Structure formats: C-alpha cells, structure tokens
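Trainee: Use these hints to put chain B onto chain A, whose structure you have.
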Amino acid sequence: MGELRLMKGNEVIAEAAIRYGCDGYFGYPITPQSEVMESLMAQRPWETTGMVVLQAESEIASIHMVYGAAGCGKRVMTSSSSPGISLMAEGISYIAGSELPCVIVNVQRGGPGLGTIQPSQADYNQATKGGGHGDYSLLVLAPASVQEMNDFVGLGFDLAYKYRNPVMILADGVIGQMMEKVELMDQQPRWTDKQLKEITGSWATQGKTKDRPKHVITSLEMDSHIMEENNLRLQAKYQRMKEEDVRFETIQCEDAEYIMVAFGCAARICQKTVQLARAKGHKVGLLRPITLFPFPEKIIAEMAGKIKGFLTVEFNAGQMVNDVRLAVNGKTRVEYFGRMGGILPSPDEVEQALLQKLIGG
Amino acid sequence: MSEVAERLKNIIRPENLIYGKSPVLNDVTMHYCPGCSHGVVHKLIADVIEELGIQDQTIGVSPVGCAVFAYNYIDIDWSEAAHGRAPAVATGIKRIMPEKTVFTYQGDGDLAAIGTAETLHAVNRGENIVMIFINNAIYGMTGGQMAPTTLLGQVTSTTPYGRNVDLNGYPLKITELIAQLPGAAYVTRQSVHTAGAVRKARKAIRKAFELSQQNIGTCFVEVVSTCNSGWKLTPVESNDWMVKHMFPLFPLGDLKDGGKNATESFQVKG
Chain A
0 MGELRLMKGN
10 EVIAEAAIRY
20 GCDGYFGYPI
30 TPQSEVMESL
40 MAQRPWETTG
50 MVVLQAESEI
60 ASIHMVYGAA
70 GCGKRVMTSS
80 SSPGISLMAE
90 GISYIAGSEL
100 PCVIVNVQRG
110 GPGLGTIQPS
120 QADYNQATKG
130 GGHGDYSLLV
140 LAPASVQEMN
150 DFVGLGFDLA
160 YKYRNPVMIL
170 ADGVIGQMME
180 KVELMDQQPR
190 WTDKQLKEIT
200 GSWATQGKTK
210 DRPKHVITSL
220 EMDSHIMEEN
230 NLRLQAKYQR
240 MKEEDVRFET
250 IQCEDAEYIM
260 VAFGCAARIC
270 QKTVQLARAK
280 GHKVGLLRPI
290 TLFPFPEKII
300 AEMAGKIKGF
310 LTVEFNAGQM
320 VNDVRLAVNG
330 KTRVEYFGRM
340 GGILPSPDEV
350 EQALLQKLIG
360 G
Chain B
0 MSEVAERLKN
10 IIRPENLIYG
20 KSPVLNDVTM
30 HYCPGCSHGV
40 VHKLIADVIE
50 ELGIQDQTIG
60 VSPVGCAVFA
70 YNYIDIDWSE
80 AAHGRAPAVA
90 TGIKRIMPEK
100 TVFTYQGDGD
110 LAAIGTAETL
120 HAVNRGENIV
130 MIFINNAIYG
140 MTGGQMAPTT
150 LLGQVTSTTP
160 YGRNVDLNGY
170 PLKITELIAQ
180 LPGAAYVTRQ
190 SVHTAGAVRK
200 ARKAIRKAFE
210 LSQQNIGTCF
220 VEVVSTCNSG
230 WKLTPVESND
240 WMVKHMFPLF
250 PLGDLKDGGK
260 NATESFQVKG
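As they're listed, the protein sequences go chains A and B. Under numbering that gives the first Met the number 0, the first residue of the first sequence carries the number 0, and numbering increases by one thereafter. Under numbering that gives the first Met the number 0, the first residue of the second sequence carries the number 0, and numbering increases by one thereafter.
Chain A on its own, in the form it takes in the complex:
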C-alpha cells in the first residue's frame, strides 16, 4: 500500500509528476489549475529528483518549451485550463506532427471565450478531435477521481512513450479542486542518461555524435507524397490506439435496459443516479469512458443491440453524444442531457432527465 493522503486533484498532479520521475514541467497560471505549478514550486523538486519547473510567459511559450524538451527525449508535461489550452493548440499540433511524447493536463472551465472559472466539459471536442490544425489525435484520459489524477500521470507518460504521441489528461474544475483520499505511488527515479539513450536515443536531440546521422525534430515536409505517408503513419498509430488502449468502466450494465454514458465528474454524479433509478425499479447502468480518444465505440456498439437506449450526460451542449451516436449507428435511441456554464446537476436532476428523455418517453 502506498502512502495515503487527503489531497486536492491539482496538487496530486504535481505530486504524481515528481514521484513518477518526470523530468520537467513548463506552465502558466490559470484558474482552476494554478495549484499544479504552485505545488511544484513549493516542493522544489529540482533539489531532490532534479525535475525542472519553469513558469513561462504564456501558455504559447510553455507548450513550445515542452516541444523543445520533449524533443530531447525527456519526460515533460504542462497543465492549463480551457482558454490556455486554446493558446497551446499551435504547439500541440506541432508536437503531434513531430511525434513527440508529453503529457498535457486540461482542468476544464466553462467557455466559450473567457467563460467562467467554474467546472465544465465543453472542451471534449477540442480534446478528442485534435484542437489545432491538421489531422491528428491526442490520446485523451478522463479522470473521475483524485486517485485517477494520480494514476493517469504515470499512465499518461507510459502511453505517450508507447506511441510517441501527446497524451491529454482531460480533467475538470471539480476533479482539480476537490479533495479526496489518494494512494500515492512510491518515489521512482528519473531516467538515467543510459536509460534515456536506450529509450529515446534513436530520434531525440541529445547532441549528434559521430556514430549517427543528425536528428531533426520537425513536422515539416515539402514533398507531398512523403507528407501523405507521414499522415498515414499517424493514422495507423491512432488505429493501433483503438485496438490496444481503449479504457472504460461499466457500472451495473450487466442487466441494464438503459445505459448512461458519462465521463469525469459527470460520471460521479451519474453513479448516484444509477442507485436512485434502480431503487425505483429501473434497470439503469453507467458506462464511463476513461479514454475519450480512443473512444470505447466497440462496447457501445455491442450494448446498442441489447438495450433500449443511451443517455449521455455531459457538462456541455452535447459533444460526446455524437461519438455515441456514431458507435450506436442507429441501432437504438441516444439522448443527451447536460448543463453548461459551470452548472452541475444533482443526481435527482439527472434521474428526471433519464425518465423524461428515455425511460418514460
């Protein structure tokens, strides 16, 4: 059993980064995730593990610092919240195009524009459909607890290096700000120079030695035929993610006639709704996608043939519902319920929507 603590989700991101052996963090303050960098700065990991922590002049600069450092093969990350992630869209596209591994945390707030500092899930499309220019995908993990904020830092880095692709932890203001019990991992050492060379030495910018050609980190290719091949290689990688790394949780789905689909903090609320609905005799289950990309489309397609309908519950205007509809492909009903602008519905409110839109309708 690892060390148990009562911690805020944002603080756990910082703690997990240090304990995992992360090499560097570059960020810019924004509510509701500023505790990530504040915790890192308070802990001064550069004196213990050697982890670099730097406050950049903007989110644009911080994501490009990540680009430079990730290009060296080092395990680096950043965190921000919605408007800051929009600023990072340029750099994220370059990181995906150059096939660099890194972890990006988005503790979502409500939009559009400056929006609100209250929690939201309105960046689902931005996170899962790329967000910047060009055909690329992030691998997107959606934590629903403070424990998962801890677990997904390490998992995120593991997946980022498995695919040489940026991984986004798509949290929200609730998960970032709430305190829960968390079991922390033991301190792991950072990669040694030897490990770094073994794992990333074939592509990273670590200084050109006589025994190898120079390494160039770039997304640029002027030859259209090669550029198309580059795109096909990326698409093949995303396909492999769909085959090997779809993650989800099912709660009381075995006998369910109606299934709610919800991620992150919405799934926490829906868990209670399942109990409320079941107490009234409705056979309701919950499917919680953990990876939003790759999306758990196979399990949804399988369920679609057996149940009477899905209700997506998401704190946006209905974004994930489109992915559920694609997976269901007309085989059963798919409805959406959500609130926006930082409003979180109660489990009763979700239950009412379930009854009105699906069960009773």
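Honestly, the hints are just simulated from the structure, not real lab data. Just so you know, nobody snuck in bad clues.
Derived pair list, reagent style DMTMM-like, types lysine to aspartate or glutamate, alpha-carbon separation capped at 20 angstroms:
1. K196(A) <-> E98(B)
2. K196(A) <-> D55(B)
3. K193(A) <-> E98(B)
Covered stretches of chain B, as calculated for chain A (at least 3 residues, CB under 8 angstroms):
4. 70–84
5. 108–122
Not the full set, but computed from the structure, chain A residues with beta-carbon under 7 angstroms of chain B:
6. A60
7. H63
8. G70
9. T204
10. V215
Fair warning: this is a prediction, and the values are worked out from it, not measured in the lab. Ideal placement from N, C-alpha and C gives every residue a C-beta, glycine not left out.
Mentor: Same frame as chain A, but now just chain B:
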C-alpha cells in the same frame, strides 16, 4: 588522366589550401538565393562549432522563414520551431539539458514580430542560449512582405507605396530593446557584406558561443543582412542599399558586453 585533371590534382593539395569549409557544414546545395546573407552566416556558425569542438554538444533551433531548412545545412541535432517560438523551444532544451550549447537562428519576422514575447522573455530570464538574428527588413520566404524592421518608405509587397508611419508604425529596433534587459550577456550587431565584415561577424559569433558556455545570460548576435530577391535588386546593389539605408538605423557594433546585470532596485529589501 587528362591534362586538366592532372593540373587540378597538383593544385588541390593541403599546402595550397587558403580557404576551406568546416565538415560541420553539409555538402548540399543551399536553397538560398545567390547574394543572400544566410549562407555566409550558416558557414560562420558551422566554422565556430567546428573550432570549439562542440558538434556533439550543440542543438540548434531553426525558425519559420527562409532559414526553416537550416537543419539541412549544419550537421548537428536540430529542433524546428513554430513561427516565433524558437526562444521558447530553446529554453525547453537548455533547461532540460543544461550541459548542451543551444542556439536559435531567426529572421526578423520570427524574432521581432510574431515571436516578440518569446524573444524578450527568454532574454529577460537570462536563458543561457545564443540567439542569431538575421535582419533583412523583409519577409523573404513568403514573398517580400513588410517586416517589423522594414524601413520607412521601403517598398514591400504589403507596403507597395512604401512603409507609412500612420498605417504601419515604425521599424522595431529590437536589438536595442534586448540590450536593455538585465538577462542579456552579450548583444552585438554585425553584417557580412565585405570580407572584413565577415571576419568581424565570425569573431562575434564565436564569442557568443564561447560566452554561452559560461552560463552568464543570453548572447544575442544581430546580422544586418541582404535579401536581394525581396528587395528586387542585384546582390551588389543590395549590399550598397543595405549600407546606405539600413546601417544608419541599425548601426554595427557591440551594444552590451559583460554578462547579466541587475541593479539592487530589482530586489525586495528588508
């Protein structure tokens, strides 16, 4: 063997060598226009890397602009940055691998327009990197549009009647701004239009790379450069135009030397 080949063989001998190029400069045809300053500056950087013996310790950051392909010409590891972000990319590299020598190579649009924030803040943090700034007062790659350093009255494709203060504002003397920042260690402005100027520029670039290994702040070398294609002049006319029109606004010489320096007024007291 033909007579000509035989004569050449007699000429090409180490004892006859009066000029060479570093093996750090790749044997490939450059895409730069004849008369452009980039090729000369690339050669100087390659020479300095060779002289200092730091080929395996140096990571370059190339920009967006004509020099986007700098990585094709200098045989070191490179990171190709998004437009204007080279100082941030270099910061990430240098912070995570502080033992390496890291430099950016940027044009005026990259460094002084879209990347102004990244430029000023990297220098203001005193990042221990070298920044090479090619100022040719025009956007070469995109086809001759106005740059932040375009002179008043200068004709470009987006200032077809000449740069106008009311419409376009003033040319930005960013190197003078840089020299004001306490994080700057060495700030100089050079050119490569004559053999003498090339020698001075080589010395300045070498000094910048040497100083950057002492970790005393950012070393910044502006090279006032020609873009004869963008300026629509011959290479010779371009050199003359640069001397006549650019040097008065961008005078050559050192602007700062001696390392990071902040006064006591920067510090909270008591």
